[in-house]
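**Q** These are the residues of each chain, in order.
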Amino acid sequence: MVTKPLLFELGTEELPPKSLNNLRQALHRNIESGLEQAELSHGEVESFATPRRLAILVHELADRQPDQNVERRGPAVKSAFNEDGEPTKALAGFMRGCDVADPSQLDTVTTNKGEYLVYRATKIGLDLPSLLEKLLKSSLSTLPVDRKMRWGKSRLEFVRPVQWLVCLYGNAVMPVELFGKQASNISAGHRFMSGGEFKIAKANDYLELCRKNFVLPHFDERKSVIREQVMDLAAQEEAQLELDEDLLDEVTSLVEWPRALAGGFDRTFLEVPPEVLISAMKEHQRYFHLVDKSGRLVPRFITISNIESLDSSQVVAGNERVIRPRLADAAFFFERDTRTSLAEKFGRLENVVFQADLGTYAEKCRRISELAGYIAQQLDLDKDAATRAGLLCKADLVSDMVSEFPDLQGTMGSYYARHHNEADEVCTAIGEHYRPTQSGGILPTSEMASCVALADKIDSLVGIFGINQPPTGSRDPFALRRQSLGVIRICVENQLNIPLDGCLAESSRLYGKSFGTTSVLNYIVERLTGYYQEQGITGDVVEAATNSASTSVNLLQIDDVVRTLQSFKNGPAAVSIVSANKRVANFLKKAGPKDQVGDFDPALASDKAEVMLGRALAALDLSDSKGAGAKLERLASLQEPVDQFFDEVMVMAEDEKVRKNRLSLLSELRHQFLEVADFSLLQ
Amino acid sequence: MTFQNLILSLQTFWSEQGCVLMQPYDMEVGAGTFHPATFLRAIGPENWQAAYVQPCRRPADGRYGENPNRYQYYYQYQVVMKPSPPNFQALYLASLEHLGIDTKTHDIRFVEDNWESPTLGAWGLGWEVWMDGMEITQFTYFQQVGGLECYPVMGEITYGLERLALYIQGVEDFKDLVWAEKGDKKVTYADVYHQYEVEMSRFNFDMADVEGLFAQFDFCERETTRLLEADLPLPAYEFVMKASHAFNLLDSRHAISVTERQRFILRVRALSRGVAQKYFESRQALGFPLADEDTRAFVEKELNRGN
Numbered sequence: 001m002v003t004k005p006l007l008f009e010l011g012t013e014e015l016p017p018k019s020l021n022n023l024r025q026a027l028h029r030n031i032e033s034g035l036e037q038a039e040l041s042h043g044e045v046e047s048f049a050t051p052r053r054l055a056i057l058v059h060e061l062a063d064r065q066p067d068q069n070v071e072r073r074g075p076a077v078k079s080a081f082n083e084d085g086e087p088t089k090a091l092a093g094f095m096r097g098c099d100v101a102d103p104s105q106l107d108t109v110t111t112n113k114g115e116y117l118v119y120r121a122t123k124i125g126l127d128l129p130s131l132l133e134k135l136l137k138s139s140l141s142t143l144p145v146d147r148k149m150r151w152g153k154s155r156l157e158f159v160r161p162v163q164w165l166v167c168l169y170g171n172a173v174m175p176v177e178l179f180g181k182q183a184s185n186i187s188a189g190h191r192f193m194s195g196g197e198f199k200i201a202k203a204n205d206y207l208e209l210c211r212k213n214f215v216l217p218h219f220d221e222r223k224s225v226i227r228e229q230v231m232d233l234a235a236q237e238e239a240q241l242e243l244d245e246d247l248l249d250e251v252t253s254l255v256e257w258p259r260a261l262a263g264g265f266d267r268t269f270l271e272v273p274p275e276v277l278i279s280a281m282k283e284h285q286r287y288f289h290l291v292d293k294s295g296r297l298v299p300r301f302i303t304i305s306n307i308e309s310l311d312s313s314q315v316v317a318g319n320e321r322v323i324r325p326r327l328a329d330a331a332f333f334f335e336r337d338t339r340t341s342l343a344e345k346f347g348r349l350e351n352v353v354f355q356a357d358l359g360t361y362a363e364k365c366r367r368i369s370e371l372a373g374y375i376a377q378q379l380d381l382d383k384d385a386a387t388r389a390g391l392l393c394k395a396d397l398v399s400d401m402v403s404e405f406p407d408l409q410g411t412m413g414s415y416y417a418r419h420h421n422e423a424d425e426v427c428t429a430i431g432e433h434y435r436p437t438q439s440g441g442i443l444p445t446s447e448m449a450s451c452v453a454l455a456d457k458i459d460s461l462v463g464i465f466g467i468n469q470p471p472t473g474s475r476d477p478f479a480l481r482r483q484s485l486g487v488i489r490i491c492v493e494n495q496l497n498i499p500l501d502g503c504l505a506e507s508s509r510l511y512g513k514s515f516g517t518t519s520v521l522n523y524i525v526e527r528l529t530g531y532y533q534e535q536g537i538t539g540d541v542v543e544a545a546t547n548s549a550s551t552s553v554n555l556l557q558i559d560d561v562v563r564t565l566q567s568f569k570n571g572p573a574a575v576s577i578v579s580a581n582k583r584v585a586n587f588l589k590k591a592g593p594k595d596q597v598g599d600f601d602p603a604l605a606s607d608k609a610e611v612m613l614g615r616a617l618a619a620l621d622l623s624d625s626k627g628a629g630a631k632l633e634r635l636a637s638l639q640e641p642v643d644q645f646f647d648e649v650m651v652m653a654e655d656e657k658v659r660k661n662r663l664s665l666l667s668e669l670r671h672q673f674l675e676v677a678d679f680s681l682l683q
Numbered sequence: 001m002t003f004q005n006l007i008l009s010l011q012t013f014w015s016e017q018g019c020v021l022m023q024p025y026d027m028e029v030g031a032g033t034f035h036p037a038t039f040l041r042a043i044g045p046e047n048w049q050a051a052y053v054q055p056c057r058r059p060a061d062g063r064y065g066e067n068p069n070r071y072q073y074y075y076q077y078q079v080v081m082k083p084s085p086p087n088f089q090a091l092y093l094a095s096l097e098h099l100g101i102d103t104k105t106h107d108i109r110f111v112e113d114n115w116e117s118p119t120l121g122a123w124g125l126g127w128e129v130w131m132d133g134m135e136i137t138q139f140t141y142f143q144q145v146g147g148l149e150c151y152p153v154m155g156e157i158t159y160g161l162e163r164l165a166l167y168i169q170g171v172e173d174f175k176d177l178v179w180a181e182k183g184d185k186k187v188t189y190a191d192v193y194h195q196y197e198v199e200m201s202r203f204n205f206d207m208a209d210v211e212g213l214f215a216q217f218d219f220c221e222r223e224t225t226r227l228l229e230a231d232l233p234l235p236a237y238e239f240v241m242k243a244s245h246a247f248n249l250l251d252s253r254h255a256i257s258v259t260e261r262q263r264f265i266l267r268v269r270a271l272s273r274g275v276a277q278k279y280f281e282s283r284q285a286l287g288f289p290l291a292d293e294d295t296r297a298f299v300e301k302e303l304n305r306g307n
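Just so you know, the protein sequences line up as chains A and B, in that order.
Note that my numbering has the first sequence beginning at 1, numbered continuously upward.
Note that my numbering has the second sequence beginning at 1, numbered continuously upward.
Source of the hints: derived by calculation from the structure; they are not laboratory data.
Because the structure is a prediction, the values reported are computed rather than measured.
Worth double-checking, as some hints may not be accurate.
Said to hold, decoys possible - With a cut-off of at most 27 angstroms between alpha-carbon atoms, the simulated DSS-like pairs for lysine-lysine come out as follows:
id	chain 1	residue 1	chain 2	residue 2
1	A	K383	A	K513
2	A	K89	A	K137
3	A	K153	B	K186
4	A	K89	A	K134
5	A	K660	A	K589
6	A	K199	A	K181
7	A	K223	B	K104
8	A	K123	A	K4
9	A	K282	B	K301
10	B	K104	A	K148
11	A	K660	A	K626
12	A	K202	A	K181
13	A	K582	A	K657
14	B	K301	A	K181
15	A	K626	A	K582
16	A	K589	A	K657
17	B	K104	A	K212
18	A	K590	A	K660
19	A	K113	A	K137
20	B	K104	A	K199
21	A	K181	A	K4
What the hints assert, rightly or not - From the structure, some residues in chain A lie toward chain B, with a derived Cβ separation under 10 angstroms:
id	residue
22	M95
23	R96
24	V100
25	S309
26	R321
27	A328
28	V353
Just so it is clear, CB atoms sit at the ideal spot from N, CA and C, and this is done for glycine as well.
Please put together the full structure from these sequences, using the hints given.
**A** So this is what it looks like as structure tokens:
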């Protein structure tokens, strides 16, 4: 079998940077699985992506499919021919299916059921050229593309217009036609630095030829080149770098031949909040910003150009010219926004709709304000500060700055609040109330901010569930999944000791629409499984903790139980509790309908073990125990009387009163277990 | 190169590519795309190549002439080619070189920027073209216009003339651009437009009569509907442009709340769609005279299948 490398390169107009690397990976997977399906053996597969090309290099690819021995069993010999020796209907049908004209082309095979006709043949494997076009076509048509486009007069669609096609097996151009273009061995180099088109004699020459033509086709290699250049420049600038990986990926997708350059802007712009400057540099210009040793922004930036310029000072000057008006605009917005206070801006929220059935943002903020106050009160925090922060937390939505830089919502609010002399803790709460803004994102840094953040999220959850639009697998326009996880993380990680069900009920009351809160509560509690799974805690532990008989849902306390169970799970205490719980549950299951349990009556207890257990249970007080660990220890201390009880006492006694009393004792015991967790769910 | 020579130079270049050199449309528009030579000609199977200067008004972008490159009134140079030629990007780059821009010195890039105009019921995919980080051009392949699928696809190039001129003249601020010169005598952009920019910013932000504009918007909406009923898509379209401008002014006056805003956009879009459909029908009635035989046949066949 002959093997050679295969090169496939699709030249396009500039591909979307945010999906470029995904496109490469998907094409890589598709082609690999296509080769597998076609049974074409191959070595390593490499894939490449630049703004103007997607390419694949398959090493040691077989030039054809292996031949295959085919064997198909036909009818039994005795029912294959009629009296005249002519083929019966069964045989004729079989021969048609095998494309055989004469029965003599069939063999016979003897089995324990008799003699059968059999068709044997060798199916010759197809060669690569006849398989390739279809394989590539289906690999390309199943790429994950948000929006495909058409161009010119063509009816064909792709991510961006296709400009050229290279398909080489060894040194032979493959007969492939895609997007109306015939494959060749002519590629194109860097738009401006190369001489334009170049010829690829052999597939294996690809990388070297690209480099000669000022293209670094390998995505990760290009990325690390950029990383090094940026770090070198930052060092030259004697500045620190906060390297943003997403930005690094994006700029890697925007260049074929990266050259990092440093530029600067007027120091006076540093009066504008740094978040604004960073956003202007990053979102609009894809610049890396620089900070000094103490983390303060310095008036310098790094940009990644796509050219080794004949005069890079002109490229720098150009970039500096761009950022200036951007920053001037930011300064203009800041100045205009600070002319009115947040309290004055609040009035304009009366016209901004939160959700058609749930009213405006002004209404939402009034609810957040009350709810934040309620939560603050429960936590012994300054209620007035919480209501103030809640009321103003979204007033920056109508500022010019936030309409230009939407990702600065909250952040700007806190600046504007400070500008108009709101209390420090109010400013912080306004600034942090959207947190966490992404999975794993940072949390509010103060208890006050946590109150407002929690109030905002609960208000959205209760409202949207209230109008019966809970998130589905594919639709979650209000990001309720993320908000639920936010509620969990704030309560647990910021240690807010507050019953969640109470907050939900208060939120519902504030809507004044008698929204139920059970489904919201369940939705949030269901999210716990995923939350703990990420921390290596299994679902049974979470379920055991959330299925306790505790009347209120306090996420911080649930967390305590979860963590205690997790560490106790395999210890001796847990084992004894689990086994005792199981025995109790089994007995209770056996109890007939007549044996309705009531309160345990010590006066009816006769056996010593029964009395002992009754006393132990009466002495057991879980309410004063601090923490799940202590409760578990106390439950574990019941092991001895429980064991003794089961050893010595006949639960299902003849006397109905005695029996009922004993079952009642067990039932009480079971309730005590359930107070902490449902141990029967532990695995 | 003066500002006016920049325009002349682009006119020459695109004229040589076979474009019809049109003049600016004599009404207020927010972008060159609104010119009927783009919006309407993107509809249907007919071929079309045109280039023109279009003054654009974006009332909310006024900065009283104080921002170096953001004005409420500025110029676009618009090129449309339908069907988009395979070397469309290369033609554009050639036009930059024609202007004397050295592509081996400057960092020129096509950065994804997909275009969507909710008021025109239109979208396309393409890029903003960056030169040393500054957006100097929008480059778009129209996919849908007025709610109708574009076939063949029109390619659109929109140069920001002032920004391009900043580079060519090496100045920092629109105000300092040389518009025309002879010997030592120079006329700058500020000489021509500064007072206008200051007064119009004042007008857009503070003075435009809100009540009158609301009434004007309603009137234009009624007129569009009435004219469409009379099978007059071209006059109807002029009222869409007027409605759109009234909306933009109301927006810069902060007279439209965020909720209302969406409703106004939908109202303009309904009008644009009406015009697009009517225009398509009017061209069909004429037998799509500027279409290639094969595309016309294809589109007619699709239409018959739809019926």
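**Q** All hints are to be evaluated individually against the structure, with a verdict given for each.
**A** A quick look at each hint next to the structure:
no., hint, verdict
1, A:K383 to A:K513, "holds (25 angstroms)"
2, A:K89 to A:K137, "violated (42 angstroms)"
3, A:K153 to B:K186, "violated (47 angstroms)"
4, A:K89 to A:K134, "violated (38 angstroms)"
5, A:K660 to A:K589, "holds (13 angstroms)"
6, A:K199 to A:K181, "holds (17 angstroms)"
7, A:K223 to B:K104, "holds (23 angstroms)"
8, A:K123 to A:K4, "holds (23 angstroms)"
9, A:K282 to B:K301, "violated (49 angstroms)"
10, B:K104 to A:K148, "violated (32 angstroms)"
11, A:K660 to A:K626, "violated (33 angstroms)"
12, A:K202 to A:K181, "holds (20 angstroms)"
13, A:K582 to A:K657, "holds (24 angstroms)"
14, B:K301 to A:K181, "holds (26 angstroms)"
15, A:K626 to A:K582, "holds (26 angstroms)"
16, A:K589 to A:K657, "holds (18 angstroms)"
17, B:K104 to A:K212, "holds (16 angstroms)"
18, A:K590 to A:K660, "holds (12 angstroms)"
19, A:K113 to A:K137, "violated (48 angstroms)"
20, B:K104 to A:K199, "holds (22 angstroms)"
21, A:K181 to A:K4, "holds (24 angstroms)"
22, M95, "violated (44 angstroms)"
23, R96, "violated (38 angstroms)"
24, V100, "violated (44 angstroms)"
25, S309, "holds (5 angstroms)"
26, R321, "holds (6 angstroms)"
27, A328, "holds (6 angstroms)"
28, V353, "holds (4 angstroms)"
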